[in-house]
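Go ahead and model the full structure; you've got the sequences and the hints to work with.
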Amino acid sequence: MEESVKKLTAETIASISACKTVSELNDVRVKTLGKSGALTALLKGMKDVPPEKRPAAGKIVNDARETLEQAVSERQKALENEELLRKLSEERIDITIDSPLKNHGGLHPLSIMRNRIEEFFCSLGFVIADSPEIETDYYNFEALNIPADHPAREMQDTFFITENILLRSQTSSGQIRMMEKVKPPIKMLSPGRVFRSDEADATHSPVFHQVEGLVVDKGITMCDLKGILDLFAKKFFSNETKTRFRPSYFPFTEPSVEVDASCGKCGGKGCNVCKGTGWIEIMGAGMVNRNVLKNCGINPDEYTGFAFGCGLDRITNIIYGISDARIPFENDLRFLKQFN
Amino acid sequence: MKLSIEWLNDYVSTDGYTPEQLADKLLNIGFEVEEIIRLGEDIDRVVAGNITDIKKHPDADKLSVCSVDVGSETVTIVTGAKNVKAGDTVPVALDGATLPGGKVIKAAPLRGVMSYGMMCSGKELGVDNEVIDGAEVDGILILQAVAAGTDIKEVLRLNDTVLDVSVTANRPDCQSVYGMAREVAAVLGRKLKPLEIKYDTVSCELKPSVDIRDGACGRYTCQIIKDIKVQRSPQWMRDRLRKVGVRPINNVVDITNYVLFEVGQPLHAFDTEFVTDCGIIVRKAKAKESITALNSETYELTENMLVIADCKKPLAIAGVMGGEYSGVSEKTSAVLLEAAGFAKGSVRATSRALGLRSDSSARYEKGVDGMSVNVGRERALTLFHKLKAGKVTDSKASKELVSTSVKVIRTSADEISKLLGITVKSNAIEKILKSLQFDVQNEKDRLVITVPAFREDIDNYTDIAEEVIRFYGYDNIKSSFMPTAKSTAGGMDVRLSNLKLLKTLVSGLGAYEITTYSFIGKKSCDKLNLPQNSVLRRQIEILNPLGEEYSVMRTQLAHNMLTTVAYNLSKKNSDFRLFELGKTYIAKELPLSDLPAETDTLCMAFVGGKETFYTLKAAVCEILRKFALKPDKLEYCDKPYYHPGMSGEYFVDSKAFCSFGKVHPLVAKNYDIAENVYLCEMNLGGFIGKEIPQAKFAPLSKFQAVRRDLAVVVKDEIPVGLILQTLEQADELCVDAELFDVYKGEQIEKGYKSIALSFGLSAKDRTLTDDDITSAMKKILAALEQNCGAKLR
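These protein sequence lines map, in sequence, to chains A and B. Take our numbering: the last position of the first sequence gets the number 325, and nothing is skipped along the way. Take our numbering: the last position of the second sequence gets the number 855, and nothing is skipped along the way.
Source of the hints: derived by calculation from the structure; they are not laboratory data. Where hints are given, some of them may not hold.
Said to hold, decoys possible - Simulated coverage check for chain B against chain A, where a stretch passes if three residues somewhere in it have a Cβ under 8 angstroms from a Cβ of chain A: (1) 90 to 103; (2) 567 to 573.
What the hints assert, rightly or not - Example chain A residues on the side facing chain B (calculated, C-beta under 10 angstroms, incomplete): (3) Lys203; (4) Glu225; (5) Asn325.
Stated by the list, open to error - Heads up, simulated DSS-like pairs for lysine-lysine below, C-alpha to C-alpha not over 25 angstroms straight-line: (6) B/Lys374 with B/Lys346; (7) B/Lys87 with A/Lys260; (8) B/Lys645 with A/Lys166.
The beta-carbon is built from N, C-alpha and C at its ideal position, and this holds for glycine as well.
Below you can see the structure in the form of structure tokens.
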């Protein structure tokens, strides 16, 4: 009896190991451990064993059953695992294939940059304000200390609707409207669309956008102007960017400066981007002209202020490396998709 | 402005500074040098050579073989020129030389004889008789004897550099050599040499008079020069004029031009023969008056144009151009020299109206200060004397309507420092201002500054601060962060932040933002098939547009959108969504008497095979939902650029504010669009400025909703919207009703359709019982039948 159990156990373990699939294993299990299986038959043969030997024989058979059941179970786990691995490996796909995201949309690069600039100045306590694009002569010129015979008023620069109504040529008109309404302390930013009578070419557009900033308070100095523009240049170009002031002239500021940022491409050594100068002109700025303050009912002996204005399109084109001022207005999808 | 460094050196030494260094210095004080023009830059390795021997070429009848001493050596040059002989000095382009036009000369054999260069004609060197006599002969340019080996640029006087300086509008005083010399002297810390003013006068029987009859002429002076000998000006004067771009004419005209560029005062010389009684009258032109100017063109004048006249006729268009009739000719024996101040606005207006520009008008337009009239006249008289162009007489006349007042500014180093944000000591300020010819008195911490007459731009202490920092150096301005300013809360108003939100929302709906011009062509309305009486045709016109296609302000965004869609399709971009958020401009009345309304407008276009009316509608509804807009009705849209059966219009408070749908095939054709395009235009004016209501949390129901489906048959014309609305309102338990199928066909009677709906039934406070559900279903079916004539299928 013990012999035949041992033999059966050894044979069965060999068959278990030889099983290649779960169903083969099941067949082996049924053949040995099933109701009419070989081991079950041996157990049934127990009645022929003398009663005194039955406990020992029973133990032998039960031990064998336990051993075999465990072997089946282990083999089953191994086979299932193998099968899973096979399945996973069969499911392997080509991961280099792309499935384009449908219905992707995005903002125009001018909007992206405008948002960034607005966020930057909002965080510094600036209020964002908007003003009309179709303006009166007063807000666009006169209040900004641009006298009637100033060259900037020429027909060839400004689009006129009537003698007195025009398409604003600068967002500075918004400063006047703000200063008429709000008294210092003032920190404002007026982004918006402006118009100049220039034929569109690689560097000009008859429609473009400006971002104009204004601060009026007690004791505001040119160093404060420098401070904020330095910060701006570092934020929008790079941490290494330096700014420099060059004397210039605008009727609504005195002193007036052009603001240059060190060229990001060559770092100031001179390259094709900066035309060899190492600097890129980014905006005009200055201390608010006393006459402008007076025109808005602000006492220039009590308050001083600074203003700066930059071309949003220009900054956007510099930052994204857009080479032609006409491209952003063509709205080619292949262009629009590059910035989102 | 063209600034010759050689000319500049008459008044301030720039020794030791290269043109680049000088340009840098000028940039720091506010004068950008746009271009550094090196004369003769395109000529290299061309020297004067002396022909020592000339022989016939052994193998070519038409060629000669010359031995030419070029200073360092004697070279052999083969030439075909006939006009050279031994002993002549000629320009020689050596081996490796470059000539104007980029031509490079290389040593090469000519019919078997090596030629080590080329003798040049005037034309090959890019010069004419004006530059050097003999430059225009047929053959080689024969030079005056100069040492062999001398650089030809020296011989041709091309060893100068001209700076093209950009002068800002506030500095008309720097529109001249002398004006720039003042700045250069100040920035280099060198001495400004005075203008040479020296001449003798003789008496004269002609007695001029001046009568100014219009305020556009502030001052007018004139003086007679007699015994005029009209001839060519000396070489140096002609050279300088050419360098600043002026064609030399004759000594009299050249002197006036020379003074214009040297000190910035336009002058004019009249032949006294043609000025009746030498009596000058400055007046406005009379109606229908005309004048033939020096350019031989005849101009009709109008009553707002200023002229110089005698008692009979106009002699010149004031500040713009003289008359041909009274101009200087070879026969001229005496001239009346005008030096005057005309208002810049008047000169500009006249120049524009006539389409006539001159160096004089260009100068007057920028503004000529009161002092320069006298300086210019004196300088010109000196040159007449020096060049022996005529005898200066003591016959003169002048009139002055405005007297030059002396401007005095009282400020302090403290005041200036406070504006700049850095401390600049009063002695530093004094030094800078004095170098710029301001007079400064330091009175107990107060600076009393007398402004020189040529600085009309200086008004108050901020202008002084600018002068100081220009020279003190902007590099000294350090960054600070508004230590004295009050804190302010930044941010944007509701409208701006809603606009930003909307842009983000629409791009999230799969659309790319575009940006287009605010002005469009007047005929765009025709392309949109707008009827003649359409309000969208009330476009605001630009007086001076860049062209017809940019001539009116847009009243809608549809035109630019369809144009952009067509452009993208032509670039083979397909299946896309675009949007633009911009202003449209609607005039209350035309012509404009007041500023028009600028309306924030959204336009979207969905393009391509997968788009339908419903994909667009879903996007529109999402916007309405986001802004909590509840339209009170939806109707078919009758705008002519929409498909009448596939377009809708939403109304709020009975006002249409959003139209959307398929673009009308005829309009699509007008834009050459063959694809399906769905367009939406939304007027944001009614809601964009309003705060979006704060969202409030609704407790989540603990009780699961029961889903039910229902198919009903209704007449074709019953809109699904009505069925869904009826369903949702039929019972308070009914939620989330949606359509899942519309069926028409064999199973359904003609003229009817089957609508399959899905909806939920739920209560907030309990699990529904069978009775609840049965009762709700009954109510629903009853309502559907009553409102829509629906029968359960």
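- Message: Does B/Lys346 sit within 25 angstroms of B/Lys374, going by the straight-line distance between their CA atoms?
- Response: Judged against 25 angstroms, a Cα distance of about 14 angstroms means the pair holds.
- Straight-line Cα separation of B/Lys645 and A/Lys166 no greater than 25 angstroms? Since the Cα atoms of B/Lys645 and A/Lys166 sit roughly 24 angstroms apart, the hinted pair holds (cutoff 25 angstroms).
- Go through the hint on A/Asn325 and say holds or violated, using the shortest Cβ distance to chain B against 10 angstroms. holds, 7 angstroms
- Hint status (Cβ of A/Lys203 to nearest Cβ of chain B, threshold 10 angstroms): holds, 6 angstroms
- Message: For the restraint on A/Glu225, tell me whether the closest CB of chain B is nearer than 10 angstroms.
- Response: It is violated, given that the least Cβ distance between A/Glu225 and chain B is near 15 angstroms, above 10 angstroms.
- Query: How does the coverage statement for the segment 90 to 103 of chain B fare against chain A, requiring three or more residues with Cβ below 8 angstroms from a Cβ of that chain?
  - Reply: holds (count 4)
- Query: Holds or violated: are the alpha carbons of B/Lys87 and A/Lys260 at most 25 angstroms from each other?
  - Reply: holds, 18 angstroms
- Message: Count the residues of the segment 567 to 573 of chain B whose Cβ falls closer than 8 angstroms to any Cβ of chain A, and tell me whether that reaches three.
- Response: holds (count 6)
Of the numbered hints given earlier, the model fails hint 4 alone.
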